[in-house]
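Enquirer: Sequence:
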Amino acid sequence: MAKPYAIVDNAQGDFKVETLGSLSVPTYQYDKLPSQGDHFRLLELFPGEGGRLDCKIVIDKIYDSEKPCRYTALSYCWQNPQFDNLVIGGKRIAADDPIRSTYQICHSLWCNDKRILISTSLRDALHELLAQSGNQTVRLWVDALCINQDDLAERASQVLLMQQIYHNATEVCMWLGREDEFSSLTFQLLGTLASLDTRRPGQQQELINPQAMQRMGVPVFPSEDWEALTRLLERPYFRRIWILQEMIAASLGSKLYCGGLEPLPWTALTASIIFLDRSKWISQIEAQYLSRSGGLSLMLSAISVGVAWMKGASTPAERLLIRREAITAGRRFDATDPRDKIFALIGIINDFGHRDLFGEDSPEGLGGPQTVTKDGTVHATFKLDERGKSKEDIALEIMQSHHDECIKKLHVALLDVFRGCVRVADIILQPEEDYTTEPFLNEYAAITGKTISGLNYIGQFRKDFRNISLDHQRCADFAWNAFTMFSSGISSYIQLIAEFCETDVFVEICNEPEIIEEVSRFREATAWMVESLEPKPPSQAESSGSNDKAKIKTPLVVGDRATLDRLEYAIKFERQYPDWAWSAAGWTMPMYDKPVEQVYTEFMVKCIRDDGNLDILGDVEDSSSRKIKGLPSWVPDFSIPMHRVPFTKWRTGKAEGFYSASGSSKADPKWDVKDAGVLGLSGYKVDEIVALASKELKDDETEERLQEWTAMIDQFVGTTYPAGSCDKIEGLWRTLIGDRSVDGECPAQTEYGAHFDALQRVADVKEGMDSLSLSSSNTVVAGKETFVRATAEVMSERKLFVTKKGYIGAGPLSSRVGGGVYLLAGGHVPFVLRNESDTNLLAGVPRMSLVGDCYVHGIMHGEALLWKDFGWEDVQIV
Numbered sequence: 001m002a003k004p005y006a007i008v009d010n011a012q013g014d015f016k017v018e019t020l021g022s023l024s025v026p027t028y029q030y031d032k033l034p035s036q037g038d039h040f041r042l043l044e045l046f047p048g049e050g051g052r053l054d055c056k057i058v059i060d061k062i063y064d065s066e067k068p069c070r071y072t073a074l075s076y077c078w079q080n081p082q083f084d085n086l087v088i089g090g091k092r093i094a095a096d097d098p099i100r101s102t103y104q105i106c107h108s109l110w111c112n113d114k115r116i117l118i119s120t121s122l123r124d125a126l127h128e129l130l131a132q133s134g135n136q137t138v139r140l141w142v143d144a145l146c147i148n149q150d151d152l153a154e155r156a157s158q159v160l161l162m163q164q165i166y167h168n169a170t171e172v173c174m175w176l177g178r179e180d181e182f183s184s185l186t187f188q189l190l191g192t193l194a195s196l197d198t199r200r201p202g203q204q205q206e207l208i209n210p211q212a213m214q215r216m217g218v219p220v221f222p223s224e225d226w227e228a229l230t231r232l233l234e235r236p237y238f239r240r241i242w243i244l245q246e247m248i249a250a251s252l253g254s255k256l257y258c259g260g261l262e263p264l265p266w267t268a269l270t271a272s273i274i275f276l277d278r279s280k281w282i283s284q285i286e287a288q289y290l291s292r293s294g295g296l297s298l299m300l301s302a303i304s305v306g307v308a309w310m311k312g313a314s315t316p317a318e319r320l321l322i323r324r325e326a327i328t329a330g331r332r333f334d335a336t337d338p339r340d341k342i343f344a345l346i347g348i349i350n351d352f353g354h355r356d357l358f359g360e361d362s363p364e365g366l367g368g369p370q371t372v373t374k375d376g377t378v379h380a381t382f383k384l385d386e387r388g389k390s391k392e393d394i395a396l397e398i399m400q401s402h403h404d405e406c407i408k409k410l411h412v413a414l415l416d417v418f419r420g421c422v423r424v425a426d427i428i429l430q431p432e433e434d435y436t437t438e439p440f441l442n443e444y445a446a447i448t449g450k451t452i453s454g455l456n457y458i459g460q461f462r463k464d465f466r467n468i469s470l471d472h473q474r475c476a477d478f479a480w481n482a483f484t485m486f487s488s489g490i491s492s493y494i495q496l497i498a499e500f501c502e503t504d505v506f507v508e509i510c511n512e513p514e515i516i517e518e519v520s521r522f523r524e525a526t527a528w529m530v531e532s533l534e535p536k537p538p539s540q541a542e543s544s545g546s547n548d549k550a551k552i553k554t555p556l557v558v559g560d561r562a563t564l565d566r567l568e569y570a571i572k573f574e575r576q577y578p579d580w581a582w583s584a585a586g587w588t589m590p591m592y593d594k595p596v597e598q599v600y601t602e603f604m605v606k607c608i609r610d611d612g613n614l615d616i617l618g619d620v621e622d623s624s625s626r627k628i629k630g631l632p633s634w635v636p637d638f639s640i641p642m643h644r645v646p647f648t649k650w651r652t653g654k655a656e657g658f659y660s661a662s663g664s665s666k667a668d669p670k671w672d673v674k675d676a677g678v679l680g681l682s683g684y685k686v687d688e689i690v691a692l693a694s695k696e697l698k699d700d701e702t703e704e705r706l707q708e709w710t711a712m713i714d715q716f717v718g719t720t721y722p723a724g725s726c727d728k729i730e731g732l733w734r735t736l737i738g739d740r741s742v743d744g745e746c747p748a749q750t751e752y753g754a755h756f757d758a759l760q761r762v763a764d765v766k767e768g769m770d771s772l773s774l775s776s777s778n779t780v781v782a783g784k785e786t787f788v789r790a791t792a793e794v795m796s797e798r799k800l801f802v803t804k805k806g807y808i809g810a811g812p813l814s815s816r817v818g819g820g821v822y823l824l825a826g827g828h829v830p831f832v833l834r835n836e837s838d839t840n841l842l843a844g845v846p847r848m849s850l851v852g853d854c855y856v857h858g859i860m861h862g863e864a865l866l867w868k869d870f871g872w873e874d875v876q877i878v
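Those letters in the sequence shown? Residues 1 to 878, by full-length UniProt numbering.
Some hints here could point you the wrong way.
Claimed, not checked - Straight-line distance between alpha carbons at most 25 Å, and here's what the computed BS3-like set of lysine-lysine pairs gives:
(1) Lys-67 <-> Lys-463
(2) Lys-409 <-> Lys-391
(3) Lys-654 <-> Lys-670
(4) Lys-805 <-> Lys-728
(5) Lys-56 <-> Lys-32
(6) Lys-16 <-> Lys-67
(7) Lys-255 <-> Lys-32
(8) Lys-695 <-> Lys-649
(9) Lys-32 <-> Lys-114
(10) Lys-666 <-> Lys-685
(11) Lys-649 <-> Lys-698
(12) Lys-674 <-> Lys-728
(13) Lys-32 <-> Lys-67
(14) Lys-685 <-> Lys-594
(15) Lys-654 <-> Lys-629
(16) Lys-67 <-> Lys-409
(17) Lys-685 <-> Lys-391
(18) Lys-649 <-> Lys-280
(19) Lys-666 <-> Lys-868
(20) Lys-698 <-> Lys-594
(21) Lys-463 <-> Lys-391
(22) Lys-408 <-> Lys-67
(23) Lys-61 <-> Lys-391
(24) Lys-666 <-> Lys-728
(25) Lys-67 <-> Lys-391
(26) Lys-67 <-> Lys-56
(27) Lys-32 <-> Lys-463
Worth flagging that the hints you see were computed from the coordinates, not collected in a lab.
Could you build the full structure based on these sequences and the hints that come with them?
Expert: Take a look at the structure:
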């Protein structure tokens, strides 16, 4: 039953109780949005009398080149009781006050004399935005107010547009809630950290000491400043699933708002977190503030999603990498509606033009290049698979063809900056030249003058011209990103030349290997930028003689850019460029009328079909951890975090894993929406579990577990390992680390055998350490610690097992003696399956439940495919 409303419109007075069926004031009714799919609502907020909030809600086009739409997008936490400013009867109401659990606390927002009830968190944000504007009218997009939340169809269609809405906003206001006693310290610290740089080689180790921290003007560990940072990142705002999409789409001008503090640029936070990661200070923070370091880890994972997205996806594997990063990170974030663990990520997976438009999602008949015209004014031929261009490519094309004088000047400024960078790098790479002559000094003064002027204009353009049109916005963002990417090198190298080029030590400094390597990379990158920015002569299209099958190799910029932009967006909204279907049933829009079990199941089948492999089955958590109980065993519960690292994880930065247990076989799933809980696959039973460790590996328990593991191996494994590939001790230690080193080498180097021996010594399994010298003892301990680190990732939330044939493996906690170890076609790793005795055999096909992925030493690289009795058989997983 819905809780009654407690409506608070006067902080000094009492609240008024109302129910949904007996509201005292008419509620605002939304007008329908146009059906074209390119419109949205905006809120025009202005102050009313006595602190009342008044607004007007208008409908506008998301993009209109003739009348650019300027607005601020508000990002906030819908319910944030710990950091809102709820005052009733002159008294601040604590987060755990019974009134909050008894009533739904609301405040009035007035629109055309009709009331909209809003949360305290939203009310606080609106008041602050009015205050920041000097009580002038503010144009806003707010999801709770600009989307009719009661209209599921509208809600679904607008969710698909949210990434574009945030991207097109003049600014995203990221409202964290009211300030507390730590907020000011945190904002100051973030401002300092954002200005630091750790890209110089060899600098990281130097940073991890108090003297270095003091030199850089940051507090040493521990201090209340660092505690304040962890507290800020623990706020619910940073735990929302929607922040992944918002941080990717937000412009560089977006800001963090916290109470009445001066807003902080969003980039200051991301730059600070990247700094903490590169400098290794993050480990210090985690060690000192373990109970509150989760927010920092979450933001790092969000940044990793953003990095994967910004790299783009020109191949199916790269697109899969974006989806994988997003889904893995998304499980760690919070969602009020568990379906949003999928729906909030659709925009990232679709993204801004990185889509593969010739995949199975393309509607029938949309297969080749098309010629599209607009009123006879522009004749532009689009090759659909070239729509996967990055934002950078589009910005370059605009600058090379646009008629606007400001954009032309920005183009020249960027060329001046990067030509200057190349010349500066050449000077450092050729230090033996005579740089004291007057011609050189005159040339260098001219170069640096142009470089500095160019940098100044980039900043001016971003400030003064970014919001004129989408073209200006694209160019401003590209230029600013390019500048910030190389800004540290530009300033450092100009300063190096200015201080030392006329001294005797210049050659010595420039010949340092680290300097040569760093400057060479800098020159290569900036020379590439110059080449990319140089004006290109227009390419000639090659025609096959048929208008509807023309083979076009030119960029998509043809004719007048503004007209082309209108055409581009018209095509997009007419769905000629289809969205990725998240569902095996073909749905592209979020479907909030479907139960969460159906959403997760259809998403899972779609991923398997798209991927052609079963890697995503590795994301199935242990059954004991599940929150949503009605899911098939083969469907992950995306609503909860995945703590166990899947054996199907990919090598860092690559779209490939470590293993190939089923060789090059492809997954061919059999699935029917009428029997949606059943997944048909091809499988082969490798073996059966006969012995299982009693406990999982907990932190710092490796030595204690080792005695049980070795005893189990001695009892159930013969002297030699199956197939004679190694001895049983080697089979054990390679299983415990998944045959991977801490650096990601697979198979692990033989030195890990020595590290395992060190672990045995420390655990007093083989011999005591009292007979060792101090240096030998240190070596043993270091080897043991290396092995323990490698073991932690593999054995966390897993148990060691032995099979009937004598293979050693590591599998899920819910594994049981008698469980089957299977290869599944398209599976890069084996899986533990369990017979479901209470289900009927259908046409002689056994029904199994999935327990989880596993590692079995000796079959991870296709060895079992060569066994005499090998053959794929049908299995059904329920």
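Enquirer: Compare the distance between the alpha carbons of Lys-695 and Lys-649 with 25 Å, and conclude whether the hinted pair is satisfied.
Expert: This hinted pair holds, its Cα atoms lying about 24 Å apart.
Enquirer: Lys-409 and Lys-391 were given as a pair; does the straight-line alpha-carbon distance stay at or below 25 Å?
Expert: holds, 20 Å
Enquirer: Tell me if the straight-line CA distance from Lys-61 to Lys-391 falls inside 25 Å.
Expert: holds, 21 Å
Enquirer: Taken at face value, is the distance from the CA of Lys-594 to the CA of Lys-698 at most 25 Å?
Expert: violated, 39 Å
Enquirer: Given the hinted pair Lys-32 and Lys-463, is their Cα-Cα distance within 25 Å?
Expert: violated, 36 Å
Enquirer: Are Lys-654 and Lys-629 close enough, with their CA atoms no more than 25 Å apart?
Expert: The given pair, whose Cα atoms are some 34 Å apart, is violated under the 25 Å limit.
Enquirer: Do the alpha carbons of Lys-32 and Lys-67 lie within 25 Å of each other, as the hint requires?
Expert: holds, 22 Å
Enquirer: CA of Lys-666 to CA of Lys-728, is that 25 Å or under?
Expert: violated, 32 Å
Enquirer: Quickly compare the C-alpha distance for Lys-666 and Lys-868 to 25 Å and report which way the hint goes.
Expert: holds, 21 Å
Enquirer: Given the hinted pair Lys-463 and Lys-391, is their Cα-Cα distance within 25 Å?
Expert: holds, 20 Å
Enquirer: Tell me if the straight-line CA distance from Lys-805 to Lys-728 falls inside 25 Å.
Expert: Within the cut-off at roughly 13 Å; holds.
Enquirer: For the pair supplied as a hint, Lys-56 and Lys-32, is the alpha-carbon distance within the 25 Å limit?
Expert: holds, 15 Å
Checked against the numbered hints above, the structure breaks hints 3, 6, 7, 12, 14, 15, 17, 20, 24, 27 and satisfies the rest.
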